[in-house]
Amino acid sequence: MISAANVTRFEMDVTIFDLDRLREYRKTELSVGRHEDQLFSFDGLLPNTWFAMRIEYRLFYHSSDGGYSDFPTKQELIVRTKNDSLTSPFLIDDKIISIEEVVTDEKSVNITVSTVFASKQRLSTLIVPELRCEKGTVKPPAQRVLDFAKIHFDLRKIIRNNNRYENPHCSTICVFPFVRAEVLETGQQTFRGREWCGSLQEALELLPSETAPDGGIDPENPSNAAISTKPTYSALRSNIIRFTPESMQCKLYCRGTACKYFYYYNFAMPDFGISNVHSLLNTIKVMSFASQQGKIAIHCHAGLGRTCTLIACYLVWSRCISADAAIKIVRSKRPKSIQSPRQILLVEQLAALMEKQAVALPLEEGLSLSSYLVLQNDFIPSEETRRFSHIPKLVFHVCDRLLNLVFEGQVKYITPRGVKGTKHNVRECTIGKIAVEWKTAFSSKGRAQTRYVVNILARISTFPFEQDESVKEQFQTEATVVNITKILEGMDASRLVHLLNYYMQSIKKPYCEKKQLISVFENFSAEEQNSESEPKKEEQDSGLKLQTWQCLVFYLLNVLSYLTGENYEVCSTLVAGWIFGPHCPELKATVHNYMRDLFARNLREQEQQSRIRNAFIAEQNEKRARDQVLNKEAI
Numbered sequence: 003m004i005s006a007a008n009v010t011r012f013e014m015d016v017t018i019f020d021l022d023r024l025r026e027y028r029k030t031e032l033s034v035g036r037h038e039d040q041l042f043s044f045d046g047l048l049p050n051t052w053f054a055m056r057i058e059y060r061l062f063y064h065s066s067d068g069g070y071s072d073f074p075t076k077q078e079l080i081v082r083t084k085n086d087s088l089t090s091p092f093l094i095d096d097k098i099i100s101i102e103e104v105v106t107d108e109k110s111v112n113i114t115v116s117t118v119f120a121s122k123q124r125l126s127t128l129i130v131p132e133l134r135c136e137k138g139t140v141k142p143p144a145q146r147v148l149d150f151a152k153i154h155f156d157l158r159k160i161i162r163n164n165n166r167y168e169n170p171h172c173s174t175i176c177v178f179p180f181v182r183a184e185v186l187e188t189g190q191q192t193f194r195g196r197e198w199c200g201s202l203q204e205a206l207e208l209l210p211s212e213t214a215p216d217g218g219i220d221p222e223n224p225s226n227a228a229i230s231t232k233p234t235y236s237a238l239r240s241n242i243i244r245f246t247p248e249s250m251q252c253k254l255y256c257r258g259t260a261c262k263y264f265y266y267y268n269f270a271m272p273d274f275g276i277s278n279v280h281s282l283l284n285t286i287k288v289m290s291f292a293s294q295q296g297k298i299a300i301h302c303h304a305g306l307g308r309t310c311t312l313i314a315c316y317l318v319w320s321r322c323i324s325a326d327a328a329i330k331i332v333r334s335k336r337p338k339s340i341q342s343p344r345q346i347l348l349v350e351q352l353a354a355l356m357e358k359q360a361v362a363l364p365l366e367e368g369l370s371l372s373s374y375l376v377l378q379n380d381f382i383p384s385e386e387t388r389r390f391s392h393i394p395k396l397v398f399h400v401c402d403r404l405l406n407l408v409f410e411g412q413v414k415y416i417t418p419r420g421v422k423g424t425k426h427n428v429r430e431c432t433i434g435k436i437a438v439e440w441k442t443a444f445s446s447k448g449r450a451q452t453r454y455v456v457n458i459l460a461r462i463s464t465f466p467f468e469q470d471e472s473v474k475e476q477f478q479t480e481a482t483v484v485n486i487t488k489i490l491e492g493m494d495a496s497r498l499v500h501l502l503n504y505y506m507q508s509i510k511k512p513y514c515e516k517k518q519l520i521s522v523f524e525n526f527s528a529e530e531q532n533s534e535s536e537p538k539k540e541e542q543d544s545g546l547k548l549q550t551w552q553c554l555v556f557y558l559l560n561v562l563s564y565l566t567g568e569n570y571e572v573c574s575t576l577v578a579g580w581i582f583g584p585h586c587p588e589l590k591a592t593v594h595n596y597m598r599d600l601f602a603r604n605l606r607e608q609e610q611q612s613r614i615r616n617a618f619i620a621e622q623n624e625k626r627a628r629d630q631v632l633n634k635e636a637i
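With the sequence shown counted from 1, adding 2 to any position gets you the working numbering.
It should be emphasised that the hints constitute simulated quantities derived from the structure, not laboratory data. One should not assume that every hint holds.
Restraint ranges, calculated between C-beta atoms of paired labels, are given here [said to hold, decoys possible]: (1) Q341 with F269: 49 to 57 Å; (2) Q341 with P49: 51 to 59 Å; (3) R453 with E515: 34 to 42 Å; (4) R449 with N50: 39 to 47 Å; (5) N623 with S201: 47 to 55 Å; (6) R453 with S370: 32 to 40 Å; (7) N50 with Q608: 39 to 47 Å; (8) M14 with S324: 45 to 53 Å.
In silico DSSO-like cross-links for lysine-lysine, where the CA-CA straight-line distance does not exceed 30 Å [to be verified]: (9) K297 with K29; (10) K122 with K287; (11) K137 with K122; (12) K435 with K511; (13) K516 with K590; (14) K122 with K625; (15) K358 with K335; (16) K435 with K287.
A quick note: this is a predicted structure, and the numbers were derived from the prediction, not measured. The C-beta atom is built at its ideal place from N, Cα and C for all residues, glycine as well.
Using the sequences and the hints given, assemble the complete structure.
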């Protein structure tokens, strides 16, 4: 035991894995000296979803030899979130295995086990069974559960005595489940679920059936009688709730104001009055987040003035419509709502603010990148502000659309894990590392899209005054930072590239002095393996600091290297003009060298994917040939 007086520090990490989507959902840390991620929040978990939670503890204490030691341990939990708001929050669904059948005789005990992950891909369940008897413990080999697994406990190994078999008096069956998952970000992970231990009688009671008519079960010699299915308690309860009128459900199954199925947000707004526009935007963001979790209800005193004003403002923000259109929609659903002129004025003020400051393309050129990001984050939902804190939302979605056109949707982002003690990675930033399937880029469609994008970039670089004015007008009047994703879905590569060029030309330049720009490219190499140690010592000595524009520039260069391939030279003049201005041959040469290094990295990625693909094909061919030989021998 470790005395509490000897403990000097305590650290705890909680990692949550989404087992339905096979990804790391959230990671929080608690340690001395940190001022963020100190609360273990489990809010926002998707309903009816299996999650694996791994809690790791580390105790640092004074050892007997006068030094310091640490004591690590961990705890794992596999649970499923509740399906709907009517499910009691006190019921914890952590049952991942079920006992389907128990058959015993004088020499053996046989049980059949099923798993809730039977139909999951890249997710398997392993079980380690034990049968504890008076004369010893029977431990069959661990088994993988596909649909069902039959476990055979051979009692002859422990009950042979003078060539006669005696009653082994087996008391307890234990089944220890383990879940093995191929998580996208971290690879293979193994989690231990809640084990089941109980007597033979308890195992029989868990069967989803009723026994023979007499109902008698002898634990020493249970019969393998015919069974008929009967509903469980949870099924009966679900059916009762399903047939209960919706207006009575909360009264019957909730506990008044202590009901855990409803969450309340209170915002101050005077009766027949209004609040300022910026406070209103915070309320709208809360509404947006709550609407993603389920249905929301908005109400004031009578439900006509403040309620409908807030709904109209939400429609202006989410649908990017005019104030008159929003008020008309609300009044068509609830007549005589939005009662005072001041409430109408508030909706008009929000619409005017959205039209002026929330447009996707800035109305006036010369706006600095940091100022644009501040304006953008004032309007976009709260869950997007961190992701687009360094890279504008418009730039990301335009580049993402172009990548998906070239690689036919085979694009994903491996988000950084945020390892403690590492510096910010300017390539991955908050977006993540871009991973593409190179095979699709060499198809006929992929090659055609690549040539199309290269020709557009070359034409813009050669003839900078030839511009698509319709794109500029659309994204300065119709599109905002809130609804930009839907508008970009149907756009072709030509309009996307012109839109990206418009945005980059509108941002104030140069981002910094020419010498500093060139130094940044020299200090941040194109090799991904050096990302954790960056910036280099030379950068620290020269006084350079990580700035927002660095993440944007390196993200753009990375995307352009994927889009242009061996034609990366068309980007040199264009990118140099975006970040510094025209007529800068030194910066153009620096950008060209960096793009060359990125192209070499891409070639290595292609070779690696080709080797993996060829090895997989060879393995499949070998397996097919082996199966054919076995079939011929069987015939």
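Exercise. Which of the numbered hints above does this structure break?
Worked result: Numbers 1, 2, 10 and 11 - these are the hints that the structure violates, sorted from lowest upward.
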